[in-house]
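**Student:** Sequence:
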Amino acid sequence: MQLLLEDLGHHVVNLGPCISQDEIVESCCKYQPDLLVVSSVNGHGFHDAEHLVRALRTRWELAGLPAVVGGKLGVRGAEGQDGHRRRLLAAGFDAVFHDEQGLGPFEAFVTALATDRTPPAPAGPREGAAR
Numbered sequence: 537m538q539l540l541l542e543d544l545g546h547h548v549v550n551l552g553p554c555i556s557q558d559e560i561v562e563s564c565c566k567y568q569p570d571l572l573v574v575s576s577v578n579g580h581g582f583h584d585a586e587h588l589v590r591a592l593r594t595r596w597e598l599a600g601l602p603a604v605v606g607g608k609l610g611v612r613g614a615e616g617q618d619g620h621r622r623r624l625l626a627a628g629f630d631a632v633f634h635d636e637q638g639l640g641p642f643e644a645f646v647t648a649l650a651t652d653r654t655p656p657a658p659a660g661p662r663e664g665a666a667r
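Counting in this note's numbering, the sequence shown runs from 537 upward without gaps.
It is worth saying that the hints were derived from the structure and are not from the lab. Honestly, I wouldn't trust all of these hints.
The following label-pair restraints were derived from C-beta to C-beta distances [claimed, not checked]:
id : residue 1 : residue 2 : range
1  : Gly-638   : Thr-594   : 13 to 21 Å
2  : Thr-594   : Arg-622   : 16 to 24 Å
3  : Ser-556   : Glu-597   : 12 to 20 Å
Values in this document were obtained by computation on a predicted structure and should not be read as measured data. Glycine included, each C-beta is placed from N, C-alpha and C at the ideal position.
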């Protein structure tokens, strides 16, 4: 994930695996990232992510922080994915990506997010304006 985000032109602060919920929330307050990406590979990501995003959304300074989660979120494969997705979105995530989808939808989300945050170019001098 880090390499993909860096290839897309983003600076990444990788907190590493098995980081506590409190440390993630405090790091977001400290670094003020443009996006929080939570990735799970062990099949237990759903429960941890749900608690994390609820804690994140209690902090006023992180209210507008886009947050996404993806990877192996459960141990039942495709069964339960829709339920996981609905609950994680209701808890406060902006997007949920399951490992079976591949990286395409995630990459499209990140690209769209960067486009939405790009400030408009300053207007040039108007025709006929004094210089």
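**Student:** Each hint needs a verdict: does it hold in this structure or not?
**Tutor:** Hints versus structure:
The hint said 13 to 21 Å for the Cβ distance between Gly-638 and Thr-594, and at roughly 33 Å that hint is violated. Distance hint for Thr-594 and Arg-622: a CB-CB separation of about 21 Å, consistent with the stated range 16 to 24 Å. Our hint of 12 to 20 Å for Ser-556 and Glu-597 holds, since their Cβ atoms are close to 19 Å apart.
In summary, the structure is inconsistent with hint 1 from the numbered list given earlier, while agreeing with all the others.
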